[in-house]
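Participant: Note that the protein sequences, when read in sequence, are chains B and U. For the first sequence, position 189 matches number 189 in the working numbering, and the numbering has no gaps at all. For the second sequence, position 116 matches number 116 in the working numbering, and the numbering has no gaps at all.
Keep in mind that the hints were calculated from the coordinates and are not lab data. Among the clues, some could well be false.
To be verified - In silico DMTMM-like pairs for lysine to aspartate or glutamate, Cα to Cα no more than 25 Å straight-line:
1) U:35 with B:75
2) U:319 with B:69
3) U:137 with B:106
4) U:81 with B:78
5) U:59 with U:214
6) U:81 with B:106
7) U:81 with B:71
8) B:408 with U:182
9) U:219 with U:276
10) B:383 with U:243
11) U:137 with B:71
12) U:219 with B:78
13) U:137 with U:196
14) B:383 with U:181
15) B:408 with U:318
16) U:278 with U:243
17) U:137 with U:121
18) U:319 with B:78
19) U:267 with U:196
20) U:59 with B:40
21) U:35 with B:155
22) U:59 with B:330
23) U:219 with U:161
24) B:408 with U:214
25) B:408 with U:56
26) B:408 with U:161
27) U:137 with U:318
28) B:92 with U:214
29) U:35 with U:138
30) B:408 with U:223
31) B:92 with U:100
32) B:408 with U:100
33) B:92 with U:294
Said to hold, decoys possible - Examples of chain B residues toward chain U, derived with CB under 10 Å:
34) 32
35) 41
36) 44
37) 239
38) 300
39) 404
Computed from a predicted model, the values in this text were never measured in an experiment. Ideal Cβ positions, reconstructed from N, Cα and C, are used throughout, including at glycine.
Chain residues, written in single-letter form:
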Amino acid sequence: MAELTHTDAVFTPKPSQPPPPNTVGVVGWLRKNLFGGPFDSVMTIIGAGLLAYFAYGLFQYTIVNAVWEADSYRECLDVTQGAGACWAGVDKWMNNYLYGRYPDAEQWRVNLGGIILAVWLAPFWFEKVTQKIAVGVSAVLTYPFLAGALFLGGDNGLFMQAMSSVALTLFAAVWLNVAACYSGRRSLGAVLVQVTGFAGKDDRLYKWVYLAAFAVGFVVAFIFQSTWNLAPVQTTNWGGLFLTLVISGIGISTALPSGVILALGRRSKMPVIRVFCTAFIELFRSVPLITILFMAVTMMPLFLPVTLNPDKLVLVIVAVCIFAAAYMAEIVRGGLQAINTGQYEAARAVGLNYWKMMTLIVMPQALKLMIPNIVGNFIGLLKDTTLVSIIGLYDILLMVRASGQDPKWLGMHTEPMLFAAFVFFVICFAMSKYSQHLERTIGGGYGRR
Amino acid sequence: MKKVSLFGLGAGLLAALTFTAEPASAQQSTLDIVKSRGHLRCQLGTPAPGWYMLSDTGKWSGFDYENCRAVSAAIFGDPDKIEVQSVTSAVRFTAMANGESDMLSRTTTWTLFRETQLGLDFTTVSFYDGQGFMVLKDAGIKSALELKGATVCVATGTTTELNLTDYSRTNGLDIKPVVFEDSNVRDNTFFTGGCDAITNDKSSLASTRAKAPDVSIFKILPETISKEPLGPVVRQNDSQWKDIVQWSVYTMIAAEEYGMSSTNVDKVLAETTNPEIKRMLGAEGDLNKGLGLEPKWAYNIIKMVGNYGENYEEFMGEKTVMNIPRDGSPNALWTKGGLLYSPPFR
């Protein structure tokens, strides 16, 4: 009998068998998900057939048979007999779709406004930048004034001038802060303190440094903006995608803060505040947006003196903001309900007051939970703003419909609608994707698709 | 009125905030308001070919828009001092009532109800329209009375729909209306054979036909089943303003009658011996006083906007997509057998 040696006892695993070829890779995935059984296979084939049919039709209509160069819809029809899209008309009308009746020579102002906003908010995505909340708050609170001055042009009075100067100053501050953060400093504030030689001094003096710096910036900005000489463009000439974005943008950016305030008010223990907030929410949530718009634009002026003559666009924006705030309030309240009472009690137990409890403990958790709902609401609001076409504001939808009534492009109906659908899809899909990104990055344990 | 009272709270609050007890209908004349504002607020509908059209360069034009240009020319001596308010028909009368628009010129039919119940005054008729039917030529239909049991495409919520059912009942035709909210969808349904016929004001049928992939296969039937007198509208209780709008339209009609157009008005003014033309153009008398306008108001209209015939030619005539024949229609001058008739300038 042979003696067992040490080496014999060693277990040498065989390489594992590869999985059966039809369960891995593309084939495996197809078998598992699409052809799992006879019923699945039939459904897959029918579904794929339908999809291919529509995709082919759309492809034929929008690309293959489409006409890109023409001077009228009749010319397109002569070529395609209606079997292909007439993109030439959409192209001719593109300026109206995007800017409405904003004068061609002044459209750079709209573009510049958009660029300023994008640049202002860009630091959100920079990793090293501190005080991102200040970036967001400064943009939400002051950018509208700067944009308003830019888009309106002309002389808008001292208040607008001052506010747009504040906006310019804060805009500069945001980017100086970025520069400071990327040159190894903690923040712009720290740099200011260091430069002015207050570094080792009492903390309480710092705020005077900041204020002085702000004042200097403000004066420079005020002088700078007073050199502007922009031709006035009435809001009645605003239109197209630009108008849609102005209305929904202001609605969206004010919805969350006002919604939070209303939601807290509704849960408040103070009866007057609670009743007011509840009444406000219930009133405006129970009424369709079109009714609110109609009341604001056509009924409100009946109660106002003729001389007051409020701008239609302002009335619309106020109406949209009120509507959006009422909806947002209930979303926020839902988020607040989801936070365990233990969190409130624990916050109280460590001695936090109401506002600290809310801003440090409750809201951060609640907001994370609310992200899908909030973004869903924003997307809904963006689409709801197309209702302003009924009261005669030429947003993108009304422009699109108007283009088919131009005698040159008479009957052009499908193509502009496809274009508008595409624009809305791109914007809404981007918002949706961004919300998913937010959920993954800040949602922590809650973030599940 | 329930909604109004709901909003009364909010509106009341706002009114209180402005610290004014003054009611909206302060008795200031529309002419003064327009003059001090520096431009005319002209209400049009959402774009419709021929009537009020928005071009790809963002400019307005059209047959109804010319009425506003005439009023602007009369007041300011400049036909383009206009702020266009293009709103859907749902809000057209409220936008007049609340003072937003100074005048409305948008294919609005003059009816007793509208004139008496909506706080409006119809000034005059600038276009005589009427509802008709359009069918495929191949269908071999010669008269609307042959539409027995037919399906007819019609826009919902308009007098058009009511006229259709009235006509069907009166003549025992048993017409089945197919109603649409969107005119594009209605037209496409008709083009693709979804209805036997389509009904609308005849001028609109003309523009529907112009949209079709093949224009030549359609026929507008001879019957006119309704009266649709269209013209500019102003708010009630401001007769001076009403007069201005009314006589601006009359000026264009009279100019055509007297053979004056934008091209020859200077020549006519220099050479004429006709006292009425002299009065009209402001060379004699003081007809402008009563209107509160400059003596040259009518001259400005003719010079800058043109006479009725010129405008018709430009927006409704044979060279346009509308292609509505004028001879023999009610829209010819009274001297040519039509209904257009201006009272004398005296």
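Participant: It remains to establish, for every hint, whether it holds in the given structure.
Facilitator: Hint-by-hint comparison with the structure:
A threshold of 25 Å between alpha carbons decides the hint, and for residue 35 of chain U with residue 75 of chain B the separation of about 45 Å lies outside it, so the pair is violated. With a CA separation close to 24 Å, the supplied pair residue 319 of chain U and residue 69 of chain B stays within the 25 Å bound. Of the pairs offered as hints, the one joining residue 137 of chain U and residue 106 of chain B is violated, with about 50 Å between alpha carbons and a cut-off of 25 Å exceeded. A hinted pair counts as satisfied when its Cα atoms are at most 25 Å apart, and residue 81 of chain U with residue 78 of chain B does not qualify at roughly 40 Å.
Restraint check for residue 59 of chain U and residue 214 of chain U: the C-alpha separation of about 29 Å exceeds 25 Å, so the hint is violated. Using a Cα cut-off of 25 Å, the hinted pair residue 81 of chain U and residue 106 of chain B holds, with the two alpha carbons roughly 20 Å apart. The suggested pairing of residue 81 of chain U with residue 71 of chain B is violated, with an alpha-carbon distance near 30 Å, which exceeds 25 Å. A C-alpha spacing of about 20 Å is found between residue 408 of chain B and residue 182 of chain U, which places the hinted pair at or below 25 Å, so the restraint holds.
For the given pair, residue 219 of chain U sits about 44 Å from residue 276 of chain U by alpha-carbon distance, which is inconsistent with the 25 Å threshold. The hinted pair formed by residue 383 of chain B and residue 243 of chain U fails the criterion: a straight-line CA distance of about 44 Å is larger than 25 Å. Only pairs whose Cα atoms come within 25 Å are accepted, and residue 137 of chain U paired with residue 71 of chain B is rejected, the gap being roughly 29 Å. Straight-line distance between C-alpha atoms of residue 219 of chain U and residue 78 of chain B comes to about 21 Å, which keeps the hinted pair within the 25 Å bound.
The suggested pairing of residue 137 of chain U with residue 196 of chain U holds, with an alpha-carbon distance near 11 Å, which does not exceed 25 Å. Taking the CA atoms of residue 383 of chain B and residue 181 of chain U, the gap is near 20 Å; set against the 25 Å cutoff, the hint holds. Straight-line distance between C-alpha atoms of residue 408 of chain B and residue 318 of chain U comes to about 15 Å, which keeps the hinted pair within the 25 Å bound. Our distance criterion of 25 Å between C-alpha atoms is met by residue 278 of chain U and residue 243 of chain U, whose separation comes to about 20 Å.
Distance restraint check for residue 137 of chain U and residue 121 of chain U: the Cα-Cα separation of roughly 41 Å exceeds the 25 Å cut-off, and the hinted pair is therefore not satisfied. A distance of roughly 19 Å separates the Cα atoms of residue 319 of chain U and residue 78 of chain B; the hinted pair therefore holds under the 25 Å criterion. Between the alpha carbons of residue 267 of chain U and residue 196 of chain U the distance comes to roughly 53 Å, so the proposed pair goes past 25 Å and is violated. Only pairs whose Cα atoms come within 25 Å are accepted, and residue 59 of chain U paired with residue 40 of chain B is rejected, the gap being roughly 57 Å.
Between residue 35 of chain U and residue 155 of chain B the CA atoms are separated by roughly 21 Å; this keeps the pair inside 25 Å, and the hint holds. With a C-alpha separation of about 44 Å, the suggested pairing of residue 59 of chain U with residue 330 of chain B is violated against the 25 Å cut-off. Between residue 219 of chain U and residue 161 of chain U the alpha-carbon distance is near 20 Å, which keeps this suggested pair within the 25 Å criterion. Among the hinted pairs, residue 408 of chain B with residue 214 of chain U is consistent with the structure: their alpha-carbon atoms are about 16 Å apart, no more than 25 Å.
Restraint check: the Cα-Cα separation between residue 408 of chain B and residue 56 of chain U comes to about 9 Å, which is no more than 25 Å; the hinted pair holds. Note on residue 408 of chain B and residue 161 of chain U: the hinted pairing is violated, with a Cα-Cα distance of about 29 Å set against a maximum of 25 Å. Between residue 137 of chain U and residue 318 of chain U the CA atoms are separated by roughly 21 Å; this keeps the pair inside 25 Å, and the hint holds. Between the alpha carbons of residue 92 of chain B and residue 214 of chain U the distance comes to roughly 23 Å, so the proposed pair stays at or under 25 Å and holds.
Between residue 35 of chain U and residue 138 of chain U, the direct Cα distance comes to roughly 56 Å. Violation of the 25 Å bound is thereby established for this hinted pair. Proximity of residue 408 of chain B to residue 223 of chain U is assessed by CA-CA distance (about 29 Å); at most 25 Å being required, the pair is judged violated. Proximity of residue 92 of chain B to residue 100 of chain U is assessed by CA-CA distance (about 32 Å); at most 25 Å being required, the pair is judged violated. About 31 Å separates the Cα atoms of residue 408 of chain B and residue 100 of chain U, which puts this hinted pair outside 25 Å; it is violated.
In summary, the hint linking residue 92 of chain B to residue 294 of chain U is not supported, as the alpha carbons are separated by about 41 Å, beyond the 25 Å threshold. A least Cβ separation of about 44 Å between residue 32 of chain B and chain U goes past the 10 Å threshold, and the interface hint is therefore violated. For residue 41 of chain B, the suggested interface contact is broken, since its CB lies about 36 Å from the closest CB of chain U, more than 10 Å. Interface hint at residue 44 of chain B: violated, since its Cβ lies 33 Å from the closest Cβ of chain U, which is beyond the 10 Å cut-off.
Given the 10 Å rule on beta carbons, the hint for residue 239 of chain B holds: about 8 Å separates it from the nearest Cβ of chain U. At about 6 Å, the closest approach between the beta carbon of residue 300 of chain B and any beta carbon in chain U falls short of 10 Å, and the interface hint on this residue holds. Interface hint status for residue 404 of chain B: upheld, as the beta-carbon distance to the closest one in chain U is roughly 6 Å, under 10 Å.
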